[in-house]
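Visitor: Using the sequences and the accompanying hints, generate a full structural model.
Protein chains: 2
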Amino acid sequence: MYIAGVGLQPVTRKGNVNLASMGGAAIKAAISDAQIESSSVGALYVGNMLSGMLSSQQHLGALLSNAGGLGLVESATAEACCGSGGAALRWGYLAVTSGAHDTVIVAGVEHMTHVEVERATKGLATASDWTSEGGKGETFVSLNGAIMKEYMRRYNVKHSSFAPFAVTAHQNALTSAHSTLKINVTAESYEASRVITPPVQLLDASPICDGAAAVVLTSDRALALSSSKGTNRIIRIVGSAAATDQLAVNSRPDILKLRAVTRSVENALSSSRLSRKDIDVFELHDAYSIMACCSLEAAGFVPEGQGTQFAADGNLALSGRLPMATFGGLKARGHPVGATGVYQACEAHLQLTRRAGQNQVQGANTVMIQNIGGSGASVFTHVLSAEEQ
Amino acid sequence: MYIAGVGLQPVTRKGNVNLASMGGAAIKAAISDAQIESSSVGALYVGNMLSGMLSSQQHLGALLSNAGGLGLVESATAEACCGSGGAALRWGYLAVTSGAHDTVIVAGVEHMTHVEVERATKGLATASDWTSEGGKGETFVSLNGAIMKEYMRRYNVKHSSFAPFAVTAHQNALTSAHSTLKINVTAESYEASRVITPPVQLLDASPICDGAAAVVLTSDRALALSSSKGTNRIIRIVGSAAATDQLAVNSRPDILKLRAVTRSVENALSSSRLSRKDIDVFELHDAYSIMACCSLEAAGFVPEGQGTQFAADGNLALSGRLPMATFGGLKARGHPVGATGVYQACEAHLQLTRRAGQNQVQGANTVMIQNIGGSGASVFTHVLSAEEQ
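Chains as they are written, first to last, in our numbering: chain A, 1 to 389; chain B, 1 to 389.
Just so you know, not all the hints are guaranteed correct.
Note: identical chains are not told apart, hence a pair may lie in one copy or across any two.
What the hints assert, rightly or not - Cut-off 27 Å, straight-line C-alpha distance, at most; resulting in silico cross-link-like pairs (DSS-like, lysine-lysine):
1) K14 - K136
2) K136 - K122
3) K122 - K257
4) K257 - K136
Hints in this document: simulated from the structure, not taken from any laboratory.
Guide: Shown next as structure tokens:
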């Protein structure tokens, strides 16, 4: 199972784009990058969360098959809220490994900035348990705020200690062509940013934005027909897993323990026959600083309670022990929710094929990508590895 | 790849149900029917179209994993509008055939009757191409009306000729416990029913309703651990395929030719190594009389223009050559959109395990089920076959 090519549209906050044109362009770019014919594509799986609620358009499998010029292929949409892109990647992985198709496309697309912020925020809250959370006024910000508050209390950590997550992400976005928030963020500007819902401040949160990305997946058999452009390295998906926790945050035994992260990482590593020390880059789901911190810990890369110290020690930088957000992550590349998991796959591919430019992680051979739906409820983890041809 | 058990909730039009309780009950019923432990389940794929728009609740993979007591399993939602249930079944099929899981559950759930009809109708129209259809006032009724009008013109067929589709479906629903429209419909009452959008009349259309259904899929390896209750017949999914047409009806070369039906039937038969003459029952997508008629023709069971005559000759009745809607179909069992494809799988299983009661098709050994998203845009076709143990 290989990723033969990738297509990225710039993440924007302008609103003057649309689902079909963004998604179609990403698909065509991925086909071009993989150097395949569109007629060889057997299926399209689309990650999306909000198109029905914000654009009155469901059925993106059909919409984007048409826009991408894919003919009568199989198509459908995968939804797991902010984890929809990872879910679509999982579907594509299963379709190829099952032998049903030799070549499939996985796309992710989200259009959010054409509606009022309140409407987008309400749409995002449908990722929570509506009966006990969203319908009672909870939002992603308030749910992440509750987790962050408990983390700060239990481990006696200050808000300012989370700064390195945002600083690292924004630093990397400055040199990334497709990222949207190219703002130099320092520990001081992070701490001075506006409080949204205590203790969450503006620079803890990923932005509302638009985007589309796509990858071409091919079987071993189809590999001969395609090759990653400008490189002699081929990129294999060596691990794939997903897991689910209680949807309502307060229904979990411990709100700081992201059990679905732990489970999906263990299963992804087990299916890849790799261990944590083999992972050179961890593209985690930094929708909020606290989610980045808890993910690092739940994934087993850092002991509980030590996430902020691990970040403060510079481990997450491009030259660090475990780089994250190498093109800005959700925080600064942007988080077009249903597309994010596919952006992560594209970015991992760019790293592994040595096409990351100024954002290149030197010597990266294995990347873990992780996409989360809700505040830890659905988690999709994939491991990508480079092989010399 | 086997269906080891099924769970059906009664289709209702009362509104006093909810997604979690309906879906959870269907999942638990399927687990019980399959006689497996819930701990053996590796994944849950949910078919749903409208929960975000009508219930402010996305993320049904997590919601129903929790409600069904499935622990930390993989979960996600599949969406292809009215074909969402078939899409979820396809995902489950790929997950098991890939070897990723030995046992998965596919559920479908839809809650529509708690909102005003206008809101449900607008929600359904997001299955169309919003830019050229839904956003310009087209609805499912008007799109099916355009197709029906052209069919009547081209083949010189009267509206009353479509009566057998509705009469057959309603006849079968009378003796089905889980079906919602238990109304005796005659050719006369069909023709006398209220005109909605000419030429579509009330008894051409499937109702807005609520429902949930689930099936347990198991690998060959897991089969030893489960067996269909009260029967010595095991049910295998022998064919699975999907295809996509242009989303906008008027963008198709010929609006009467459902190309995605043709393509998915050909691929499903090819993967099952069966031919049309092997199919004993065709559970087709009779959301509208015209859709039933065009599906029969596009699937290759009936020559073009002869669908109504085929129906008039009694071929679609329980005792006919190719029974359809054996428990009422979309027309009279009801069409809880994202759940419909899973109801079809459950009903095929009941037929093949000889548990269909008064709705039993004698001697049925192979059933084709077909679920369509939009007016022919996304089509999911599966073939189920019984084997004596």
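Visitor: Looking back at the hints listed earlier, which ones does the structure fail to meet?
Guide: none
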